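S.K.: Given next are the chains, with one letter for each unit.
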Amino acid sequence: MADSKLTFQNGEKENRAADLIIANKEMAFQNEEKEKRAAELIIANKELAFQNEEKEKRAAELVIANKELAFQNKEKEKRALELIAANNELKKAQDDIRKLNDELEQKVIERTAQLESVNKDLESFSYSVSHDLRAPIRAINGYTKILKEDYEEILDEPGINVLQAIIDNSKKMGTLIDDLLAFSKLGRKQVTVSEIDMNDLVQSVIEELPKNVSDCAPVFHIAPLIPASGDRSLIKQVWINLLSNAIKYSRYKKEIRVEIGAFTKDQFVVYYVKDYGAGFDMQYYDKLFGVFQRLHSQEEFEGTGIGLAIVQKVVHRHQGMVWAESKLEEGTTFYFSLPQNNL
Amino acid sequence: MSYENIEILFAEDSKDDALLTIRALTKSGFSNKLHHVIDGAEALDFIYCRGKYVDRNPNEFPKLILLDVKMPKVSGIEVLEKIKSDPLVKSVPVVMLTSSNEGPDIERCFALGANSYIVKPVDSDNFFKAVKEIGVYWMILSQPSH
Chain A
12 MADSKLTFQN GEKENRAADL IIANKEMAFQ NEEKEKRAAE LIIANKELAF
62 QNEEKEKRAA ELVIANKELA FQNKEKEKRA LELIAANNEL KKAQDDIRKL
112 NDELEQKVIE RTAQLESVNK DLESFSYSVS HDLRAPIRAI NGYTKILKED
162 YEEILDEPGI NVLQAIIDNS KKMGTLIDDL LAFSKLGRKQ VTVSEIDMND
212 LVQSVIEELP KNVSDCAPVF HIAPLIPASG DRSLIKQVWI NLLSNAIKYS
262 RYKKEIRVEI GAFTKDQFVV YYVKDYGAGF DMQYYDKLFG VFQRLHSQEE
312 FEGTGIGLAI VQKVVHRHQG MVWAESKLEE GTTFYFSLPQ NNL
Chain B
37 MSYENIEILF AEDSKDDALL TIRALTKSGF SNKLHHVIDG AEALDFIYCR
87 GKYVDRNPNE FPKLILLDVK MPKVSGIEVL EKIKSDPLVK SVPVVMLTSS
137 NEGPDIERCF ALGANSYIVK PVDSDNFFKA VKEIGVYWMI LSQPSH
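The listed protein sequences correspond, in order, to chains A and B.
Last residue of the first sequence: 354 in our numbering, with the numbers rising by one and none dropped.
Last residue of the second sequence: 182 in our numbering, with the numbers rising by one and none dropped.
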């Protein structure tokens, strides 16, 4: 009995031991698992710690960046204020400019109106000078002519000479009025610029010149002339005046020789008319182009003293220059320049 | 007074210019059929048989009309304008006379249909020549072939 009890006990013990072994194995496995978990946790913790550190670093950086941003914002605000101020100033300057412009425009309008009215006055003045001065002179001239024609037998020679003097003088006054008006008109005439074939123009002027000025016919030596731009009718007048002067002042020479030519100088074409006539004393050069200024007596060379004034005015209106060189009894050369390529 | 043979109507307010013009025309043998009026109003009266010309034959028109540009009352330009806008008279040639080559008159006269425009020369010889040309012009107009 005892034995069987013992055997049973042993059997029990063995069963327990086997259970224990199983339990132990189980525990050992569980322990292993726990250790594995623990190791994993350690790794995870380390990772977290690293992440935390990174976050702190980022946070610190963000703080710095925030500070920077705040500073920049302040700067921007400052700049904005400055810009607003600058803008205001600009606006004010623009307003000022606009105001000045308006004032200027107003002034231009006023001045133009003034000039137009002066011009109109001048035109009506010219008109009445031309109209009202010519009429009585025409009457004086005409009546004197009637006296001379109808009463010639009653008058003696000095009487007739007086009448002729009246006729000549009134005629001259008519010419003076016409010349003066032509001159004043020049300043008001619109300059219409086109290219001028000077060879052609000079040739036509020469053909139109009065032929009976002197006993001998003038001889022209014309070099090829460069074209220039200008108002054809005005420039024609320049050539007429210069060429008829050249002939007139060569009248008492054995032969009348006139040389015409051209050369370029900077942006200009310079034309010249050279004669071998009476010439003038260069000390009176200042008077040469003056209106009604003359360097010769009426008896020696007739004229009203408007020709060269017209030449100068026309050339100046073309932005050109006019000048002369002369020697008494040897001759004169007149030069005038015109823009080469205005077109 | 009869105006039957009037061939040239001459309107001129200046008695000096009128005298000189008529003298020049007479000397050239052209004045016998000329009638002188002293302003534009009288010129129109003559043409349209009004006022003192009421008895004039309205079917007869002058062959040539000379008009001074600047005249009192009705100017030569106004007379010209009237003539050239009237189909009955517009074919009559009109010569404008002026003392001045200044002013806008020339273009205006030609635009209105003036046939000629003469600036009266100061010099009597040239004046005579200019008037004589008018006479020659009238002679051409008076030729039967016209």
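I should point out that these hints are in silico values taken from the structure, not numbers from a laboratory.
There could be a bad hint or two in this list.
Said to hold, decoys possible - Where chain B lies over chain A, by a calculated footprint (3+ residues, C-beta under 8 Å): (1) 29 to 35; (2) 177 to 186.
To be verified - Quick list of in silico lysine-lysine cross-link-like pairs, DSSO-like style, CA-CA up to 30 Å: (3) LYS165/B <-> LYS159/A; (4) LYS247/A <-> LYS165/B; (5) LYS222/A <-> LYS165/B; (6) LYS106/B <-> LYS196/A; (7) LYS120/B <-> LYS165/B; (8) LYS106/B <-> LYS131/A; (9) LYS131/A <-> LYS159/A; (10) LYS118/B <-> LYS131/A; (11) LYS131/A <-> LYS200/A; (12) LYS109/B <-> LYS131/A; (13) LYS63/B <-> LYS183/A; (14) LYS182/A <-> LYS120/B; (15) LYS159/A <-> LYS69/B; (16) LYS259/A <-> LYS196/A; (17) LYS118/B <-> LYS182/A.
Values in this document were obtained by computation on a predicted structure and should not be read as measured data.
All C-beta atoms, glycine included, are put in the ideal place defined by N, C-alpha and C.
S.K.: Check each numbered hint against the structure and report the violated ones by number, ascending.
M.R.: 1, 9, 14 and 17
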